[in-house]
Every structure is written in structure tokens, then in C-alpha cells.
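Chemist: Residue-level listing of the chains:
There are 4 protein chains.
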Amino acid sequence: MYFWKPSAMPVLSVICDSSEDRARTGRDRYGYKDYVFDWKDLVKRDDVDLVDVGTPNFLHKDVSIAAMRNGKHVYCEKPLALNAKEAKEMLDEARKRRVVHAVGYNNRCLPAVVMAKNLIEEGHIGEVINCRAEYLQDWAISPLVPMEWRLDKKAAGSGALGDIGSHAIDLARFLVGEFEEVLAVSRTLVKERPISELSMLGGGKVSGKDVSGRREKVGVDDSVEFLARFEDGAAGLFHASRFSHGRKNTLAFEIYGSKGSLVFSSESMCELRFYSTGDAEGLQGFKTIKMGRQHPYGEAFWPLADSGMGYADLKSIEISALMDAISGKGKVSADFEDGYRAMLICDAVIESADTKEWVAIQKGD
Amino acid sequence: MYFWKPSAMPVLSVICDSSEDRARTGRDRYGYKDYVFDWKDLVKRDDVDLVDVGTPNFLHKDVSIAAMRNGKHVYCEKPLALNAKEAKEMLDEARKRRVVHAVGYNNRCLPAVVMAKNLIEEGHIGEVINCRAEYLQDWAISPLVPMEWRLDKKAAGSGALGDIGSHAIDLARFLVGEFEEVLAVSRTLVKERPISELSMLGGGKVSGKDVSGRREKVGVDDSVEFLARFEDGAAGLFHASRFSHGRKNTLAFEIYGSKGSLVFSSESMCELRFYSTGDAEGLQGFKTIKMGRQHPYGEAFWPLADSGMGYADLKSIEISALMDAISGKGKVSADFEDGYRAMLICDAVIESADTKEWVAIQKGD
Amino acid sequence: MYFWKPSAMPVLSVICDSSEDRARTGRDRYGYKDYVFDWKDLVKRDDVDLVDVGTPNFLHKDVSIAAMRNGKHVYCEKPLALNAKEAKEMLDEARKRRVVHAVGYNNRCLPAVVMAKNLIEEGHIGEVINCRAEYLQDWAISPLVPMEWRLDKKAAGSGALGDIGSHAIDLARFLVGEFEEVLAVSRTLVKERPISELSMLGGGKVSGKDVSGRREKVGVDDSVEFLARFEDGAAGLFHASRFSHGRKNTLAFEIYGSKGSLVFSSESMCELRFYSTGDAEGLQGFKTIKMGRQHPYGEAFWPLADSGMGYADLKSIEISALMDAISGKGKVSADFEDGYRAMLICDAVIESADTKEWVAIQKGD
Amino acid sequence: MYFWKPSAMPVLSVICDSSEDRARTGRDRYGYKDYVFDWKDLVKRDDVDLVDVGTPNFLHKDVSIAAMRNGKHVYCEKPLALNAKEAKEMLDEARKRRVVHAVGYNNRCLPAVVMAKNLIEEGHIGEVINCRAEYLQDWAISPLVPMEWRLDKKAAGSGALGDIGSHAIDLARFLVGEFEEVLAVSRTLVKERPISELSMLGGGKVSGKDVSGRREKVGVDDSVEFLARFEDGAAGLFHASRFSHGRKNTLAFEIYGSKGSLVFSSESMCELRFYSTGDAEGLQGFKTIKMGRQHPYGEAFWPLADSGMGYADLKSIEISALMDAISGKGKVSADFEDGYRAMLICDAVIESADTKEWVAIQKGD
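Chains as they are written, first to last, in numbering that gives the first Met the number 0: chain D, 0 to 364; chain U, 0 to 364; chain E, 0 to 364; chain W, 0 to 364.
A couple of the hints might just be wrong.
Which copy is meant is left open, so a pair is good if it fits within one copy or across any two.
Unchecked claim - Here are the simulated DMTMM-like pairs of lysine to aspartate or glutamate, each with C-alpha atoms no more than 25 Å apart in a straight line: (1) Lys153 <-> Asp27; (2) Lys153 <-> Glu336; (3) Lys258 <-> Glu280; (4) Lys330 <-> Glu76; (5) Lys190 <-> Asp33; (6) Lys362 <-> Asp45; (7) Lys87 <-> Asp353; (8) Lys190 <-> Glu180; (9) Lys355 <-> Asp334; (10) Lys258 <-> Glu215; (11) Lys4 <-> Glu19; (12) Lys355 <-> Glu180; (13) Lys153 <-> Glu280; (14) Lys32 <-> Glu76; (15) Lys116 <-> Glu266; (16) Lys258 <-> Asp37; (17) Lys116 <-> Glu19; (18) Lys84 <-> Glu191; (19) Lys152 <-> Glu280; (20) Lys258 <-> Glu147; (21) Lys71 <-> Asp231; (22) Lys190 <-> Glu336; (23) Lys258 <-> Asp278; (24) Lys71 <-> Asp40; (25) Lys328 <-> Asp231.
Worth flagging that the hints you see were computed from the coordinates, not collected in a lab.
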């Protein structure tokens, strides 16, 4: 319990998995009180106040809306839905029901990212000129990597774009501002995949042999590059790919402003690199700032900087903000409006890749 | 619960703190069932099987021995005791009582460190020629940092040497082998400190002013450098310091062997740098290997590499091994013998700094 | 004299500068035999075999063509001309006259770049999927930086694009192959500049005050971002900017292929980072290869790797190739055809920024 | 000619090599007017004002003293002599003859090193607490690397210690101050080497096979580690080795002071890393400062930072200072007194490795 005292204390009530076996194991492993195997049962339960929607993307809308209709708060994984239209329905429902709604753009919670946000807002880098952001992985390169829902357009909506690129999009919105228009190149590099008894291991490793010989068409993008213009005049370069050998899970950005620059990579998750023209001449250079006690959330985590941060730690920040929001004492890190706006941008990226034209981002509402 | 199914499931029974207020808060915050404020009560309780000794160093021996005499398993923080003599008593008791005994040299659990160990054992770097290891911090540089038990010889035994240097010593024993002799320079750089209403913040920052004007002599080392010879002929360069500006919490080593080299720094905790003469000529270079699913403990943590690792994650590895040991299915990461041998080396370092002569490490038994 | 014995020995005959004073100083400082102050005199001289055209861009064509018409070999700075049309005239002349013609894309000579080329050609990274390349500087950010020819469209043709972006374009052609089409965002961020007694110092520092108050419109781009498709199917992300604080002179690329990746930055000019799926599982990672004796040109430079490389060293490689070409024993690093093709791409980038549409690269001939 | 106008213009008069063939090639390759093959002829010549002594170490004394007796200025390679006694004779002669005397500790000329010196002198890091310095190479690890003068005690005096370690010692003297005492571990790791038709390539690679079977004992150290105390109370950790795989030619230091820290490695020769407690809280971190126009010697080299620096560039700084000294307008980078004091420290290191006791550095005079 890093954040003490919490504004609300989460209780693990019910876990849901369509496989009873997995549901029961989940209950035991993570300490839930009960399990179900139909999400429709879960969203109605009296002992549930908050539903954490961690399903494949195609179910986000139905589960979230059902939960909200039952008066539950909802935390939904990203991307918020298969497309902006669905996301808008979810947002509308959330607004109507006045429940707390959060979307899992957890990288906004990274201390170094929050520090970047603060430095920008305080004017440390002046006006933003460029933003380059990327989220690169390499697990899908082998054509032997079998079909799974993340590679299936019906289940996922898009590929690298929604799954990881939307994190980069969300951070750019968070740090730089709203997008004006985008133009993209999108490619499906491995066009069909085995339907498979093969089980996928980490990093794109595949065990066993593909004995079935059956193949399914991959509908989603493996790699997307796009240019963006922001409303305030900045320009953006984005790249999301599951085909970048050596990049295991790298979310990175470089933001150049009129007075300084900020560089971040999740490969060094607790560091922010900052170049400031406020430094004395001859003493200017990128400074590597290690997140520690005096940085965002630092008191909760680290008596000393350079003590590391794991995925669970990051999640605990997100959950702490969620508890604050439910208690009426704060805001979630990213809400359904953020989720919806990211989907508007994703939809525009997909359209521009098809039409080969600049596509303006819908203003939403 | 990263490691599933665990060989034993820890239950948080009783927490102890000399302050009732802190004890109660601890119980609530971390979810213990009960609290006490005298450790003598804790070590006797029937609902306690394992005692985690996280007191200041001077209490390690008494608490651990009392716990073992009551048949409890013991996990004791490092350094194991104030000196090797005390540590030997603890080890003797542990052997006599046949309980599980562990010492908190948790850096042995780091996936990159375990991978280094494996590479060395498999001969990837040949015979070790040199080992440089350091543990550097900077929190104690300000003379305003007030006295606390870590700066008090009676409570801590030594300063940077035992507190952090012993981690570097332990890793050198783990990776390279036993020490033959050492020669050290040891300095107390700030010779007295305020006894203080001041409260210490992270990174050596101090809030408020020192109004009392009272000072106490600092008895422990702030910075220790030493040379070592290993039994197998390797040479070592060590440095432990709380006075290294910019190094917040850096445990690092470089090991050069006859066939390759290994470089590690906790500043990039999930990376191991490996130079191999086995690589083709012209293609040799330090390779940065990111810990992922196929590396030690990786399956428990990461679907993808580069997902970070926090202090709590590291602890969970240590505890998993401890549960295995208690269940008779494995070994602790480091036991009281490791704790004792590290103390023998620390004692020799202190002696050699005093006498300015090489001091052979006692063979122990 | 790194390359011994050279195929031809350059003799410094005549230096030309429109200012007699500078011409004379140049002669003395660099050891030329004579000086002139009209380039028309230089290109005719009998004691000149090779003309090095280091003028502002708008003169490249006239000087080069005149030199070639007098039978001289020509080494011309990049970009080859103000636009592709001019460049084509130069190339046509060169072909007609059968002289040696070289353009100053000297980064092709970097040992690490040549090594990258070799690794790609030998199949080490498989098929190229993505290429990101950038050339970033920060000297022009201050609005006090006065007008100079590099900021003047008539004299320079374009701004960051031709001056530095064309290096990135040339390396992408060298390493990945021909471009198919581009789409760009181009911006002039400081729209007018002082005409000025101010003298510009390094890194965008300006001494003195702008007393004149006169301003001139800046016609060229300060920052250009563009997407590219390559003929072989790869996609590219490019950025050229003089407005990237902290990037003093950074030419960098990342190339991701189906079997591995290559990463280079001029910030570590003598290193190439290489990720290979040919490495054993669990031992894969980016390897930092230090250019040394067994790498391209290494024997000429380094008894040991990690001995540094300066701009003059790089130039000596380029000149050595030029001497070889003149002696009929080799090829220049980049010739007028390379210069012309880079101009075709630059022209397409400019057009696409204007029309906001994808522009196909002319095939040239 | 980077430095213009030079205070004196060097003329390449006579080159000397014991092999006439090499002498003639050297003359042609480097543009000398004449050559000789006995150094005794060279030191007497009227057309020689300055003798550059680049022989194996055992000849430094005789050549230098003969040159000085003939009134020549002398630039002598490092280490200055086989031992401090010889070095003292050279220094005495230099003082008597009032010639300019320089020793090739050229790393003092590195812009980043000079900047470090300036920052320390201006108090930016406060009092120095620790200095760690190392010079590591890996060319000698293979037992097939044949005997050469650098491995022969009679010709070289010492091994890694004098050849490369003395650079680290010299920089520590330059940056931190005089040494008080040292204690060392020294090892000859490959105890005999082939006398050989084998020719040594870069990086310890050897071509051909050792057919002779003849072996010679290696008398010099391959790796030396030592502790030092400085006169002003700082402590030092040093390492010089030719057995550090992956370190091709790495001279590095870390200096920790009471107010900040400086980190340098020749692997990034034009960068200095600086941590300053003068930076605002929360914004402290190691800053990577790129050497550019406003840094030491920068105006001579770089219109823009990050343009690289080669060995020849570094040499040109050293020679510029030498020309200034000869012209009475400046001082050499390091003189025979520096050379002598480094030898005193080397001798103490050797003695302490033998006696296993701390050895005080002779005060010299």
C-alpha cells in the first residue's frame, strides 16, 4: 500500500473469465472473494462498485455500458473501443450516469511523464515545436506467431495503432495538446497467420510446430507511421510497430520547444532528460533527472531515487487516482473523454492511410 | 502474486514497532492481523512461523536468536549483525535449530545478476580477471543531515560499508568467489551531526533549521574504498559511499574475464551488458540484454521485456525463494552463512583501514 | 596522410574568395600556392585539375559547369544545386565531359555507416521494414540569429531540408534504396531575421545587439518532417530541423529489418548498434560495435578502436576515394547522380508540403 | 591549421628510423625534408630546433638529454623514462639548458578535460572527495600476442602502468592534485609470449601461426589496480589494464566533490557529464555537456558541437601549446616535471605491489 491513507480501499470482490478454470485460478491467485464466468453476471452484482474491463477490445463497449447502467464505476482498458463511434456511446453513457469512468492510459501516471507535463506547463521548454513519439515492440515479426485477438480486426479494431500507438497519441495529447490533422502510412506486413495449437511465448518466440497448416488473414496493421499537426501549430512524427527488432516494449518521446527539450524512453522509465536554455552558457546539455522522492508520486515509492519501478507500481498510481475520483477527492488519470479523443485520432489515422490524404480530427464534443 | 502457485503462502500475522502508533498504522496499512510493540512478544507467538527482522543492525542478533530458539524461521536484514562475531553466533544457532535462515542480500535476486551468474558458471567470460563493484549514494553529504541509527556506530556497526558496501561484497562473492585479503581506505567525512528535530527527506534534503545546536560524533565510515584479492587469483576494486553526488542508489559491477566481460548497474536494473569473444570478429561489442520472459524469473514478471522492475518486484522474488526453502523445495537467495562471510570481509576492511595493512579474510567454518 | 600510398597526391594550388583579404589568409593558413578572388579565373587555370566548389548553393551550378567545361574534375558541396533542374544540368554536363564528379555527402564515408551498408547487403538484418532518419541542429532558434545565405531562399534553395536533411535522405538512399513518394510538413518558424552587423557565434549564440532594426523575410524551412515510401516497400520517417534544442549536429538513423536492426547516431560517430536475431535466444540485444582496425577504413586510422574521429578525418576518407576515382582506381563516395537524386527528393518534399499531397519522386535518368 | 595564426609554424625537417626503408617512407608519407637512421645524427642538426622523441621508452632519456645538450627543445613521449631516477636526470638537464620540454600527456588537452579542470578550479564541485580513474584496453589478452617492446621490461620499464595508467595518474594530478601515497596490486597475467614472426593486428588479433615455438618471459604488468591518498585528503581508485575485454582504449574518470560530480570517458571524448547541487532541487541530474565552440579550444575546431574529434585533432592542440611555449607566449600542456612526478608515482605503485605496503610518493623537487 504505497499511498497511505488511501481515500478508498479497494476490495477484490469478483473475477470473471469465460473459462471456469481460469476464473477459479484467478480468484485464488489474486485473492478475489468470488468468481463468475459470464460478465453479464458480474456487472449486476451488489458487491461490485467498480468494474475493471480487461477484455479484448470488442467487448469494451458492451461490458462498460452494462456496468454503467447498473450504476457501477468503470475502469476500461485501452483502446477504449473498436472505433470512435463506440467510444462516443460509452462516453455519452458515462456522462448520463455520472459514474467515474477511466481508461487505462497508465503511462500518464509515470512520474517522469508527469514531471514532463509540469515542466511544459510551467513554461520550461517554451512553445512546443515538434513532438516525436513512438511505441515499438517486436513480438509479432515471426510469421509463425499465431493468430490471436490482438491480430484480429473484429476483436481488436486495429493493430499496433490502437494497442500501443494510442499510448503515444494519448501522451502527445497530454503533453502537447489536441491534434488538428494526421497523415499515415499503415502496413500489414505478415498477411496471414497460423490458427494454431502453437502457443506464443514472450518476445515473439513460438514453441512447437505449426501442424495444422490452417491460416487466417490478418486484418490489422503491424506498423503505422504518421505525421500530425497539432492545433497550436506544433508538428508530430509518430510510429507504432510490433516489427521493430530489439525494441521489446519501448514507449518514447522527444519534445522540442522554443526554450528547451524533453526526452523520455520507457527503456529508462524513471528518468527524464531535460535540456534547458535557462542553464548558463557553456553549461547547457541534456540533464538526466532520476525520479526520486521530490518528484511526482516519489514520496510514495522511493526513499532514494534509482530504486526502480515496475508495472505493478505504475498500476498502483493509476488505482490511487481512481480511488480518489471515486471518493470525490480527485480525478482519474485519463477518462472516457480521453479514450474517445484517442479513438478519433486512431480513426483518422486509419482513414488517411486508406485515402492517402490528410484527415482532420473531428472536434468531438 | 507473481509466482503461482507458491510453495507456501505467506500470511501477515503480527507486526512489531516500539511505537504503538506506528505499529497500529503498520498493521492497517500492510494488512497484518495483529501488532505488538515488544519484539520479545512477537518471537514467541504461536501464529508466527517466520520472523522478518527489519530492525536497526544492533538488534539483529538478539531478535534472530530468540526467534530461532522459539523454532521460528528467520529472515534478517543485512548486514547480518554488528560484526562477524555476532554473525557467527547467529549462524551457529541457525545450524543447531535447523530452521530456515535468510539474510536480505536481495540483489542476488535481480534477473540480470542471476543471468550474470549463469553466464559466468557456463564459462561465457572464461576466468575472472578483475571485478570492480561499487554501491554509491549521496544522501549523507550535507552536514545538516541529522544523526540517525545508520550513522551511529553502536547501532549500525559500520556506515556505508555494512549498509551498502556489503551488497557489493555479497555480489562479488556470489559472482566471483571467496575473498582472500583486502586493503582499505575508510573515511568519516562529516565528523559530527546535529541531534535533531530536523527530519530527513529523501536524497539528503533536510527540512527546517537546526535549532538545538547539539551535535553528536559520527562514528561510522561515509566512504570506503578497498582493493581485494580473491582466492582464485582475481583482483577487486570496491567503493561504497554515501557521498557520491548524483549517484542516488547505484549498485554496479564490471567483471572482466579471459573470454568476455559483464557490466551491470542498478541504474538500468533490467539490463545486462555482455561482451563476448565468441562473437564473430568485427561484430564484437558490448551487448545490452534486456531481461524478459526467457531470463531468470522472467516468466513470472514480464509478457514483454522492458516493462520495468520495482523494489517490491525484487522483494517478491526473494520471498518466493524463502517460501520454497520453508517448504523444503528450494534454497533461500542468501543465508546466514552468506551473511556471516560478508561480515568477515567487512571486519577485515575495517581492520585494514585502521592498520593500513592487507588483512586476510578469516576462513570461517 | 592516413591512406598510404595514395593513388594520387593532392596539391593545393589556388584558393578563391571574393574578399582578397580572406583569399590571402586562406592561402597562408591552408598552404595554397596562389589565390584568386574571381572563381572564373580559377576554373580556367592550368595548374588546377580538380575544383572544390564550396560556395553558397546558388553558385554550385555555374562554377561546376564552367569547371567541367574547362576539363576539370569537380567536387561540389551538398546540396548539389538549388533544385533538381539545375542538378540535372550539372549531371548532364558531367556525363558529357567524362570528368570525375563528386558531391559532398561525406557521411557515406563514416566507417559505421559503411559497416551498416555492408551488414544490410550481406543480409544481416533481412528486408528493411522501416527507416527513421533525422538531422537535427539548434543554432537557428534565436530570432536574433541574423540573415545569412543559408536562411535565404535565393542563395540556398531550401533551409534545413537541403542543408542537413539531404544528408539523411542520401544515407537512406545509400542504405535502404530509392524513394517512391514523400509527404511533408515544412515550417518557417522565425519568419524574419535582422540584417545585421551582428555576428553569429556557434550554437546560435549572437554577440552584440541588433542596432539596425532592419529585418528581412526568411524564405526557407526551419524544420521539415516527412514520411516516405521506398520502392522496395519500406517506410520512412524523416526529420530535419535547426530548431531542436540540445541537438547540436545530430545525424541519426534507426533501420528495422525482418532479421535485425541497426541504430546509428553521429553523437557516437564511431559506434554502430546492431541487433541480430542470429544471436542465441536469451542473448539477443543491441550490440554496440566500436569502429576499429578491422572495420571500414579502420586500418588507416586506428591501431585501437575508441580513439575518436574528427571532421578532418572523415574528409580524408572522402578525399582518398576522390583521388582513387581521378586515378581510375576507384569510385567517389557520392557522385552528381547521387546529388541529383537527393535534389529530386528535396523538390518532392517541398512540393508535398505546399500541396499537402503525396508526391512521387521523378524517376530521373 | 586549426589554430590561426600560430605563434610559430612547425617545419618538418628530419625524420629518424633505425630502418632506412621506414625512414624514407616516413619522409615521403609525412612530408619531411630529410631522413636519418641514427638518432645521434638527428639531435645535432642545425635545421632541427625541436626533437620529438617517439622511441620506445628505454631511449627517451638518452635521446632527450642529447637533444637538450645540443640546445634543442624536446617533446618526449610518455612515460617520460624507465623510472623516476632517469626522469629526474632529464628534468635536471631541461632546467639547466632552459629549453622547452614537454611530455606527451596529451589527454590534458582534451576540451572536456580542460573544462573539468576549469569547473574544479572555479569551485563548481567543491572539495574533491573521491577520484576514480582508469585506462583500459584489451589488445594483450590473447597469449598469442607476441613479445614486443611494450611487453619487455627493459624497453618499457613497466606495462599497462606506465603506458596507459600513467595517463590516468597524470589526469588525476592535473585535476585533483598531488598524490600522498599508493597501494597496488599488479599482475602479469600472461607470463610468457612467443618471440615471433607473428605480426600483431589491432585489438589483440594475431595473424598467422606461431611456428617458432620460442617463448620469452614477460616482465611487465598486464593489469594494475591501486588505491591512492591525495595530499588534500581525497582518495583515489585506479585501474590500468590491457586485459579488459570490450574496452578498446578507454580512459575514464569519475570525480565526486562536496558540491557536485564530474564524469568523463574517452568513449565519448567530446562530452563531459556534470552533476551540480547548484541546480534547482528536483532538477538535479548528470548533465551531458557537448564540447562546442564556447568550450576550451572549441573555436578552433567546431562551428557546431557534436562534430567529432580525432587523435590528430587532439595532437594539434598539444602542438599548438608547444609552439606557444617555444615562442615564449604560453606553456606546454605537460612538461618534464609532470613527466617526472608521474614516474615517481609509477615507481611507488611498483614498489607497493612488491612490498604489499603503502608507499609514500617522494616529494621530488
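Chemist: Work down the list of hints and note, for each, if the structure agrees.
Modeler: How the hints compare with the structure:
Taking the shortest Cα distances, Lys153 and Asp27 never come within 25 Å of each other, neither inside one copy (32 Å) nor across copies (46 Å). In this assembly of identical chains, Lys153 and Glu336 lie within 25 Å of each other by CA distance solely inside one copy; the values are 23 Å within and 48 Å between copies. For the identical chains of this complex, Lys258 and Glu280 are neighbours both inside a copy (13 Å) and across copies (20 Å), given an alpha-carbon limit of 25 Å. When the C-alpha separation of Lys330 and Glu76 is checked against a cutoff of 25 Å, the pair qualifies only within one copy, where the shortest distance is 17 Å, while the shortest distance between copies is 39 Å.
Neither within a single protomer nor between protomers do Lys190 and Asp33 lie at most 25 Å apart by alpha-carbon distance, with minima of 41 Å and 59 Å respectively. Taking the shortest alpha-carbon separations for Lys362 and Asp45, neither the intra-copy value of 38 Å nor the inter-copy value of 65 Å comes in at or below 25 Å. Within a single copy, Lys87 and Asp353 get their C-alpha atoms as close as 23 Å, which meets the 25 Å cut-off; across copies the closest is 34 Å, which misses it. For a Cα distance limit of 25 Å, the shortest separation of Lys190 from Glu180 across copies, 23 Å, qualifies, whereas the shortest one inside one copy, 28 Å, does not.
Taking identical chains as interchangeable, the C-alpha atoms of Lys355 and Asp334 are never at most 25 Å apart, the minima being 31 Å within one chain and 33 Å between chains. For the identical chains of this complex, Lys258 and Glu215 are inter-copy neighbours only, at 23 Å across copies versus 51 Å inside a copy, given an alpha-carbon limit of 25 Å. Taking the closest pair of Cα atoms, Lys4 and Glu19 come within 25 Å of each other only across two copies (17 Å); inside a single copy the shortest separation is 35 Å, beyond that limit. When the C-alpha separation of Lys355 and Glu180 is checked against a cutoff of 25 Å, the pair qualifies both within a copy, at 13 Å, and between copies, at 11 Å.
Within a single copy, Lys153 and Glu280 get their C-alpha atoms no closer than 56 Å, and across copies no closer than 33 Å, so neither meets the 25 Å cut-off. Taking the closest pair of Cα atoms, Lys32 and Glu76 come within 25 Å of each other only inside a single copy of the chain (22 Å); across copies the shortest separation is 34 Å, beyond that limit. Taking the shortest Cα distances, Lys116 and Glu266 sit within 25 Å of each other both inside one copy (19 Å) and across copies (23 Å). Within a single copy, Lys258 and Asp37 get their C-alpha atoms no closer than 54 Å, and across copies no closer than 42 Å, so neither meets the 25 Å cut-off.
Neither within a single protomer nor between protomers do Lys116 and Glu19 lie at most 25 Å apart by alpha-carbon distance, with minima of 43 Å and 41 Å respectively. In this assembly of identical chains, the alpha carbons of Lys84 and Glu191 never lie at most 25 Å apart, being 28 Å within a copy and 44 Å across copies at closest. For a Cα distance limit of 25 Å, the shortest separation of Lys152 from Glu280 qualifies neither inside one copy, at 53 Å, nor across copies, at 31 Å. Taking the shortest alpha-carbon separations for Lys258 and Glu147, only the inter-copy value of 23 Å comes in at or below 25 Å, while the best intra-copy value is 46 Å.
Proximity of Lys71 to Asp231 under the C-alpha cut-off of 25 Å is found in neither arrangement, the shortest distances being 37 Å within a copy and 52 Å between copies. Taking the shortest alpha-carbon separations for Lys190 and Glu336, neither the intra-copy value of 33 Å nor the inter-copy value of 37 Å comes in at or below 25 Å. Taking identical chains as interchangeable, the C-alpha atoms of Lys258 and Asp278 lie at most 25 Å apart whether they share a chain (11 Å) or sit on different chains (17 Å). For the homomeric pair Lys71 and Asp40, the shortest alpha-carbon distance inside one copy (13 Å) is at most 25 Å, but the shortest distance between copies (45 Å) is not.
Proximity of Lys328 and Asp231 under a CA criterion of 25 Å is satisfied in neither setting, with 31 Å inside one chain copy and 55 Å between copies.
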